[in-house]
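Below, each chain spelled out in residue letters.
Number of protein chains: 2
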Amino acid sequence: MRRFSQDFRSELKELMKWRRDVRHFKPDPVNPELLQSCLNAFELAPSVGLSEPWRIVRVCTEQARAAALQNFQIANAEALAGYSGEKSKIYTSLKLSGMYDAPEQLAIFCDEATPKGSGLGAATMPEMRRYSVVSAIMAFWLTARAHGIGVGWVSILDPDQLHRDLNLPDHWSLVAYLCVGLPQGDTLTPELETVGWEERDPGLAHWIEV
Amino acid sequence: MRRFSQDFRSELKELMKWRRDVRHFKPDPVNPELLQSCLNAFELAPSVGLSEPWRIVRVCTEQARAAALQNFQIANAEALAGYSGEKSKIYTSLKLSGMYDAPEQLAIFCDEATPKGSGLGAATMPEMRRYSVVSAIMAFWLTARAHGIGVGWVSILDPDQLHRDLNLPDHWSLVAYLCVGLPQGDTLTPELETVGWEERDPGLAHWIEV
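Heads up: the sequence lines are chains A and B, in that order.
Numbering of the first sequence is given in the numbering used here, commencing with residue 1 and proceeding in unit increments.
Numbering of the second sequence is given in the numbering used here, commencing with residue 211 and proceeding in unit increments.
Simulated from the structure, these hints should not be mistaken for laboratory data.
Since this is a predicted model, take the numbers as computed values, not measurements.
For glycine and all other residues, C-beta sits at the position ideal for the given N, C-alpha and C.
One should not assume that every hint holds.
Every beta carbon over 10 Å from chain B, so not counted as near; a handful from chain A, in silico [said to hold, decoys possible]:
| no. | residue |
| --- | --- |
| 1 | Lys17 |
| 2 | Asn31 |
| 3 | Leu69 |
| 4 | Gln73 |
| 5 | Asp170 |
| 6 | Trp197 |
Beta-carbon label-pair distances, calculated as ranges [what the hints assert, rightly or not]:
| no. | chain 1 | residue 1 | chain 2 | residue 2 | range |
| --- | --- | --- | --- | --- | --- |
| 7 | B | Glu272 | A | Ser93 | 34 to 40 Å |
| 8 | A | Pro169 | B | Ala287 | 32 to 38 Å |
| 9 | A | Gly203 | B | Asp380 | 17 to 23 Å |
| 10 | A | Ala113 | B | Leu290 | 34 to 40 Å |
| 11 | A | Gly203 | B | Met211 | 40 to 46 Å |
For reference, chain A alone in the conformation it holds in the complex (with noise of 0.2 Å):
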């Protein structure tokens, strides 16, 4: 059996530690061949029945980015309006997204009606085409942190409006708005702990047993 060393382990996870959702970027261009390259790591992610339904499209002109970033402001502004207080003052105070400055914008899409697996176990589960696309994201994150490549992973955003806005297949659902770019900051503490939004709980990584 192909094995990993100790090294290797704690390497991995060091790589996990230090993998963050990175909303600041420097405005230095990512290479072409080494985005590529990372993206590479689709192909190594599980999907249900082969599925392999990931669909990347890179968001790359001015008309498409706009109406992006347009999407979000306006998702942003909704959610703010939803909190109060002391959390409202945080809020107000985040940056949530690196779509402002993000040198690469990936929008990451899951081909619902791909025939590509035959089915094979998403009948009862259908959202396992996602969860694959997720897998494979993740695969991705990883890959680039571990090319001093930084990823930021926006969720506030309408879905519909940003497919309807980029065109794409109905069939297609999104997953994910990415932000890649260099990081101007590295950090083991997600930002949402250090301004004291949300703190890490380890215990959730304990089993209950049934």
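Add chain B to chain A, keeping to what the hints say.
Same frame as chain A, but now just chain B:
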């Protein structure tokens, strides 16, 4: 910035290549401390608004295991009935679940109503909570494989039935049923590819531009 070496990156890619969806397990028990150590990777996963909505259920009792296995058997028979010809023949030959022999079985749920994170990032895309759970499963899966432990994700299940059978809180939803143990074999090729069900298509890791 914390850097990772080229050697580490190569080995990370190897890990992703050797990660398989394992369905054939040795009967040997998994050391519970090692299992917990691998599950600690959940703490290092991204989660929307730091909501950490993962809930890990270790399926131990004979009753709970029997209910889960029966659930799979019914869903699998229904799925088989949907195929004909060559696909039906291949489907019959597949071992689609390690539930018969995996020494450890984990049902992973998402707490859809967790107050943790105060809903940040999940207003327009509440599915982000489930995606956070999938991210954590991937972190666990890679960590387990780095320790020589195999993981198989069973999705041929009626999630509502399993939820009732395991008698868990209403606001928890099933994301994955994982079989965990020492794999009987080790291969770079997915079983579905070996038996001719489906092939991988590296071209899907390439972007389209908008």
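Here's how the hints hold up against the structure:
1. Lys17: violated, 6 Å
2. Asn31: holds, 14 Å
3. Leu69: Check passes; 14 Å lies beyond 10 Å.
4. Gln73: holds, 13 Å
5. Asp170: Its Cβ never comes within 10 Å of chain B, the nearest being 16 Å, so this holds.
6. Trp197: Incorrect as stated: the minimum Cβ-Cβ distance to chain B is 7 Å, not above 10 Å.
7. B:Glu272 / A:Ser93: 34 to 40 Å: Check failed, 53 Å falls outside 34 to 40 Å.
8. A:Pro169 / B:Ala287: 32 to 38 Å: The hint (32 to 38 Å, Cβ to Cβ) holds, given that Pro169 (chain A) and Ala287 (chain B) are roughly 33 Å apart.
9. A:Gly203 / B:Asp380: 17 to 23 Å: Taking Cβ atoms as reference, Gly203 (chain A) and Asp380 (chain B) lie about 22 Å apart, which means the hint holds.
10. A:Ala113 / B:Leu290: 34 to 40 Å: Given a distance of about 22 Å, which is not inside 34 to 40 Å, the answer is violated.
11. A:Gly203 / B:Met211: 40 to 46 Å: Once the Cβ atoms are compared, 30 Å apart, the range 40 to 46 Å for Met211 (chain B) and Gly203 (chain A) is violated.
In terms of the numbered hints stated before, the structure departs from hints 1, 6, 7, 10, 11, listed from lowest to highest.
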